[in-house]
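Work out the full structure: start from the sequences and follow the hints.
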Amino acid sequence: MNIVLLTGSPRKNGNTNYLAEQFMRGAQEAGHSVFRFNAAESEVHPCIGCNHCGMNGPCIYNDDFTNILREKIIKSEMVVFCSPMYYFGFSTQLKAVIDRFYAINGTLHSFKKCAMIMAYANTASKDAEAMIAHYHTIASYMGWQDVGKVIAPGIWTAGSIKGSKYCDEAYRLGRSL
Numbered sequence: 002m003n004i005v006l007l008t009g010s011p012r013k014n015g016n017t018n019y020l021a022e023q024f025m026r027g028a029q030e031a032g033h034s035v036f037r038f039n040a041a042e043s044e045v046h047p048c049i050g051c052n053h054c055g056m057n058g059p060c061i062y063n064d065d066f067t068n069i070l071r072e073k074i075i076k077s078e079m080v081v082f083c084s085p086m087y088y089f090g091f092s093t094q095l096k097a098v099i100d101r102f103y104a105i106n107g108t109l110h111s112f113k114k115c116a117m118i119m120a121y122a123n124t125a126s127k128d129a130e131a132m133i134a135h136y137h138t139i140a141s142y143m144g145w146q147d148v149g150k151v152i153a154p155g156i157w158t159a160g161s162i163k164g165s166k167y168c169d170e171a172y173r174l175g176r177s178l
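Residue 2 is where the sequence shown starts when you use our numbering, and the numbers rise one by one after that.
Honestly, the hints are just simulated from the structure, not real lab data. Glycine residues also receive a C-beta, built at the ideal position from the N, C-alpha and C atoms. Careful: at least some of the hints might be erroneous.
List time: in silico SDA-like cross-link candidates among lysine to any residue, alpha-carbon distance up to 20 Å [stated by the list, open to error]: (1) K166 with G155; (2) K76 with Y103; (3) K13 with W157; (4) K76 with M56; (5) K163 with R173; (6) K96 with I75; (7) K166 with V148; (8) K76 with S111; (9) K150 with G164; (10) K114 with F36; (11) K127 with K163.
Label pairs and their calculated CB-CB ranges [stated by the list, open to error]: (12) F112 with I49: 28 to 34 Å; (13) D169 with G58: 19 to 25 Å; (14) G32 with T158: 31 to 37 Å; (15) I49 with Y142: 17 to 23 Å; (16) G160 with P59: 20 to 26 Å; (17) Y103 with A159: 29 to 35 Å; (18) Y103 with V148: 41 to 47 Å; (19) N57 with T93: 24 to 30 Å.
This is how it looks when you write it as structure tokens:
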């Protein structure tokens, strides 16, 4: 299976990036091809709603979404969203990528699998509900099948994810595909 892993953490050695590595390792060991797109290290302009693309055409921006990610995500069989929770939602970097789905909206409405990996500092599960609901709404709108989530509460400082049960969960999710 061709998997696109979208990461959105601006911390290079951050906790969600570490979880992404564990997922990727598991998926590759299971024989899948994983393309990782790090939104925080990429040039992705925010969608301005100009409708130049007509929801399924060329975007006005000539950036990393257009030149690197666009074809990869269209041809993928699975999309994985991996982001820390920032004020109860995806990071700005990943949200910019998600908003640019608009330019390939017609093409993305095809069967794909999807998954979500997130870490957040708070420990209350209710605090993660808005971000999880956003993910489910995207999956439902696109007609994609959710195959799993790794939700890691109480993870804040860089490196605090290492050795936690969530690392194994991310690995097992990738390996189970």
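Range agreement (Cβ of T158 with Cβ of G32, hint 31 to 37 Å)
Taking Cβ atoms as reference, G32 and T158 lie about 35 Å apart, which means the hint holds.
Between K127 and K163, is the straight-line Cα distance small enough, at 20 Å or below?
violated, 24 Å
Can you let me know if the beta-carbon spacing of D169 and G58 is within 19 to 25 Å?
violated, 43 Å
Range agreement (Cβ of Y142 with Cβ of I49, hint 17 to 23 Å):
For Y142 against I49, whose Cβ atoms are near 21 Å apart, the range 17 to 23 Å holds.
Is it true that F112 and I49 lie within 28 to 34 Å of each other by Cβ?
Holds, since F112 and I49 (Cβ atoms, about 30 Å apart) stay within the stated range.
With respect to the beta-carbon atoms only, verify the hint that Y103 and V148 lie 41 to 47 Å apart.
Since the Cβ atoms of Y103 and V148 sit about 24 Å apart, the hinted range of 41 to 47 Å is violated.
Just to be careful, I want the Cα atoms of K114 and F36 compared with a cutoff of 20 Å; is the pair within it?
Holds - the C-alpha atoms of F36 and K114 are around 15 Å apart, at most 20 Å.
Taking 20 Å as the top limit, are the C-alpha atoms of K76 and S111 close enough?
Since the Cα atoms of K76 and S111 sit roughly 10 Å apart, the hinted pair holds (cutoff 20 Å).
With respect to the beta-carbon atoms only, verify the hint that Y103 and A159 lie 29 to 35 Å apart.
holds, 33 Å
K166 paired with G155 [C-alpha distance capped at 20 Å]:
holds, 12 Å
Could you grab the alpha-carbon distance between K150 and G164 and see if it respects the 20 Å cut-off?
Holds, because 18 Å separates the two Cα atoms, which is no more than 20 Å.
Could you grab the alpha-carbon distance between K166 and V148 and see if it respects the 20 Å cut-off?
OK: K166 and V148 at ~19 Å, within 20 Å.
In terms of the numbered hints stated before, the structure departs from hints 11, 13, 16 and 18, listed from lowest to highest.
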